[in-house]
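Visitor: For reference, the chains in residue letters:
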Amino acid sequence: MEFKDYYSALGVERTASDDEVRKAYRKLARKYHPDVSKEPDAEQRMRDINEAKDVLGDKDKRAAYDALADRVARGGRPDGSFEPPPGWDTGYEFHRGPRQGPADHADFSEFFSSMFGDAERRGATRQNYRARGEDHHAAIEITLEDALNGAERELTLRAQSLDAQGHPQWENRTLSVKIPPGVHPGQFIRLAGQGMPGHGGEPAGDLYLEVRIAPHKLYRVEERDLYMTLPVTPAEAALGAQVQVPTPTGGVVEVTVPPNARGGMKLRLKGRGFAGKTPGDLYLLLEIALPPADSEAARNAYAQLAQATSSFNPRQHLGV
Amino acid sequence: MANFSSVTTTTAIGVSHPLAANELAHACGADTAWVVQLVEVGIVQVTTTDAPPERWEFSSTDLQHALEARRLERDFGVNLDAAALILDLQHEVRRLKAVLRANGVD
Numbered sequence: 030m031e032f033k034d035y036y037s038a039l040g041v042e043r044t045a046s047d048d049e050v051r052k053a054y055r056k057l058a059r060k061y062h063p064d065v066s067k068e069p070d071a072e073q074r075m076r077d078i079n080e081a082k083d084v085l086g087d088k089d090k091r092a093a094y095d096a097l098a099d100r101v102a103r104g105g106r107p108d109g110s111f112e113p114p115p116g117w118d119t120g121y122e123f124h125r126g127p128r129q130g131p132a133d134h135a136d137f138s139e140f141f142s143s144m145f146g147d148a149e150r151r152g153a154t155r156q157n158y159r160a161r162g163e164d165h166h167a168a169i170e171i172t173l174e175d176a177l178n179g180a181e182r183e184l185t186l187r188a189q190s191l192d193a194q195g196h197p198q199w200e201n202r203t204l205s206v207k208i209p210p211g212v213h214p215g216q217f218i219r220l221a222g223q224g225m226p227g228h229g230g231e232p233a234g235d236l237y238l239e240v241r242i243a244p245h246k247l248y249r250v251e252e253r254d255l256y257m258t259l260p261v262t263p264a265e266a267a268l269g270a271q272v273q274v275p276t277p278t279g280g281v282v283e284v285t286v287p288p289n290a291r292g293g294m295k296l297r298l299k300g301r302g303f304a305g306k307t308p309g310d311l312y313l314l315l316e317i318a319l320p321p322a323d324s325e326a327a328r329n330a331y332a333q334l335a336q337a338t339s340s341f342n343p344r345q346h347l348g349v
Numbered sequence: 577m578a579n580f581s582s583v584t585t586t587t588a589i590g591v592s593h594p595l596a597a598n599e600l601a602h603a604c605g606a607d608t609a610w611v612v613q614l615v616e617v618g619i620v621q622v623t624t625t626d627a628p629p630e631r632w633e634f635s636s637t638d639l640q641h642a643l644e645a646r647r648l649e650r651d652f653g654v655n656l657d658a659a660a661l662i663l664d665l666q667h668e669v670r671r672l673k674a675v676l677r678a679n680g681v682d
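Protein sequences appear in the order of chains A and B.
All the letters of the first sequence, read from the start, carry residue numbers 30 to 349 under our numbering.
All the letters of the second sequence, read from the start, carry residue numbers 577 to 682 under our numbering.
Calculated directly from the structure, the hints in this document are not laboratory data.
Do not rely on the hints blindly, as some may be mistaken.
Claimed, not checked - Covered by chain A, according to a simulated footprint, are these stretches of chain B (three or more residues, beta-carbon under 8 Å): (1) 594-605; (2) 624-634; (3) 642-652; (4) 657-664.
Treat the numbers as computed from the prediction; the structure is a model and nothing was measured.
Ideal Cβ positions, reconstructed from N, Cα and C, are used throughout, including at glycine.
I would like the entire structure built from these sequences, with the hints used as guidance.
Guide: Rendered as structure tokens:
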């Protein structure tokens, strides 16, 4: 396991005040916000700074982390790897209060989980605290076909459970997740009882998986709509045609291309996107594919076309 | 470290499996009073505002908005009115980016 330097993640000195930690976090959180950031590693950086803030922004966690960092500095391993010394956190209590927001820790590093995950729970147990376990949040990326048709997928999670002595422990848990047909991107799948264990005999929390759709070679997903590029020949576009189009659920439908269709024109297949209260549509973006002039007959045909349409100037708007 | 496999009951949050107000609150590490505030500022939508909170039903989109609002509160200390505005702007940015992508401008 790698020792995480939370101070350098936030770019602050170890002597930084709470206010300096908060300011540094907010500045970086804006810089790496996924909606505005142009940095290629924005998502990972955002996770790192969130984790660093969770520890350095909490008086008890920060004190325990500082004490641990000192011990590591005195007796670190040459390869930089790290195992927490037994009982390293004696004398510190961490406790997630009921109003501390979503338990986002699923995204945090192994280092964080082994340091603070267990300790938070022990803190809760010591205080005779009774509450349902926290819900956990994670994302699951599935193929478009699985989203539309439903599927069963294995998912490995780091999850907390209690050992025979009732002590919390982390384990890798493989879950078989049934994906109901028709889930759309951004929808949450709820796995009952797969969140954090309950406190004081109360039931476990749930796990919420946010559905993400993996990039597809034919279809692009925009909310509930699907987009596909549909290549047509100049003759099909000019004269109109019936063409066959594959649908994401596996079938083939016949689509009418209207006469005088242009490249970039959008044809809509209503209700062929994701299901829902307002079902999404499948959009076909027309793209004119030119047949190659690689035979005498093809060259003659192009020459005849040029002759027949000699008054057509595609560069008229350029003034030439 | 144990490694076991189990089949779990899964439900997709939506029209046929909505979230109750207390479930939405629990998923966000908050309480029902907070969900009432979300409804008041319009971060989440209820179809029947005159029904009591116990009868409210929420969708996946509501859960997503509520989680985002909770993070804005926690990480930036914003109030819920400002969070509602930030979320509106954020969704508009995402919508416009999608329009750009759909027109081949990235």
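Visitor: Which hints from the list above does the structure break, by number from lowest to highest?
Guide: Of the numbered hints, 2, 4 do not hold.
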